[in-house]
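Per numbering that gives the first Met the number 0: the sequence shown ends with 254, consecutive numbering throughout.
In case anyone wonders, no lab produced these hints; they're calculated from the structure. Note that beta-carbon positions come from the ideal geometry of N, C-alpha and C, so glycine has one too. Mixed in with the good hints, there may be bad ones.
[Said to hold, decoys possible] Using 30 Å as the maximum straight-line C-alpha spacing, the simulated BS3-like pairs for lysine-lysine come out as follows:
hint: 1; residue 1: Lys183; residue 2: Lys193
hint: 2; residue 1: Lys165; residue 2: Lys183
hint: 3; residue 1: Lys171; residue 2: Lys161
hint: 4; residue 1: Lys165; residue 2: Lys193
hint: 5; residue 1: Lys171; residue 2: Lys186
hint: 6; residue 1: Lys193; residue 2: Lys171
hint: 7; residue 1: Lys192; residue 2: Lys171
[To be verified] Now the in silico label distances, taken between C-beta atoms and shown as ranges:
hint: 8; residue 1: Thr127; residue 2: Tyr55; range: 29 to 35 Å
hint: 9; residue 1: Leu236; residue 2: Ala187; range: 17 to 23 Å
hint: 10; residue 1: Pro103; residue 2: Glu248; range: 35 to 41 Å
hint: 11; residue 1: Thr167; residue 2: Thr25; range: 28 to 34 Å
hint: 12; residue 1: Val247; residue 2: Ala16; range: 20 to 26 Å
hint: 13; residue 1: Thr132; residue 2: Val247; range: 18 to 24 Å
hint: 14; residue 1: Arg231; residue 2: Gly123; range: 24 to 30 Å
hint: 15; residue 1: Phe57; residue 2: Gly123; range: 26 to 32 Å
hint: 16; residue 1: Thr132; residue 2: Val228; range: 44 to 50 Å
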Amino acid sequence: MDAIGIIGNIPIWDAAAIARALPAGTWQLDLPTDNPAASAPIDPADFALGWALAQYRFDAFRGGDSDTLPGRRLVLPETGDDAARLSGVARGVSFCRDLINMPPNHMTPAGLEAAARHLADEHGATITVTSGTALETDFPAIHTVGRAAEIAPRLIDMRWGKAGPKITLVGKGITFDSGGLDLKPSKAMELMKKDMGGAATVLGLASAIMESGLQLQLRVLVPAAENAVSERAMRPLDVIDTRAGIAVEVGNTDA
């Protein structure tokens, strides 16, 4: 086991950079008790979080022996109650990264629903999904954005917790945005699988909250749709209804 000696203040991402720079193996964090160079003591929990985030790899579609690659283990001083929080945050961030990194033919509106259902099942949350005629009637704007795509749009509604403050998280779940009939140029479209990053972020945060066992009443809303091109696509200057009762003219179909 090797040791890491730290002088100065190490933000989370600096700790991540240290972890990425070190060779595989088991490392121990050695924090000085009297460090005149530091304006504030180093938080072992923050260092551990940065270290954990640096271990992330997305290899869902990589063959071979990717699962057997050597990693970097960190032995920490006692962190007390921080262990659950650190685990929750690290897993939540990794979950968010996984969702965003998935290719768009896998992370469709149905794929986003499946990921949310898996998360709900893991933590005992309830989930309801509005789609089809119910979505068209109750949430016409979501339906209009996604109606041209092969995979139908939907609204994902997840709830967890029965006590504590009420918190609602809403994340944009456009799983791919071609721009619609106002088609994006190829370079602008290249990374549009990430247009569901808002949904990934709120689901990752929900994962961290539930994993950490925080006392609150959580609700997560994800409108999931793909903005595609077909004979069913919305058109420039279409006027569509919204759940709020406001009619909206489409100036540009790019969602």
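Thr25 and Thr167 - C-beta distance against the hinted 28 to 34 Å: 42 Å, violated
Cβ distance range 24 to 30 Å for Arg231 and Gly123, holds or violated: 38 Å, violated
35 to 41 Å as the expected CB spacing between Glu248 and Pro103, which holds or is violated: The hinted range 35 to 41 Å is violated for Pro103 and Glu248, with Cβ atoms some 29 Å apart.
Lys165 paired with Lys183 [C-alpha distance capped at 30 Å]: 39 Å, violated
Beta-carbon spacing of Leu236 to Ala187 - inside the hinted bounds 17 to 23 Å or not: 22 Å, holds
Lys171 paired with Lys161 [C-alpha distance capped at 30 Å]: OK: Lys171 and Lys161 at ~25 Å, within 30 Å.
Lys192 paired with Lys171 [C-alpha distance capped at 30 Å]: 12 Å, holds
Lys183 paired with Lys193 [C-alpha distance capped at 30 Å]: 15 Å, holds
Proposed proximity, Lys186 with Lys171 (alpha carbon, max 30 Å): 21 Å, holds
Verdict for Thr127, Tyr55 (Cβ pair) under range 29 to 35 Å: 31 Å, holds
Pair hint outcome, Lys193 versus Lys171 [Cα-Cα no greater than 30 Å]: Given pair Lys193, Lys171 holds - Cα atoms ~10 Å apart, limit 30 Å.
Pairwise beta carbon distance, Phe57 to Gly123, judged against the given window 26 to 32 Å: 27 Å, holds
In this structure, the hints that do not hold are numbers 2, 10, 11, 12, 14 and 16, in rising order.
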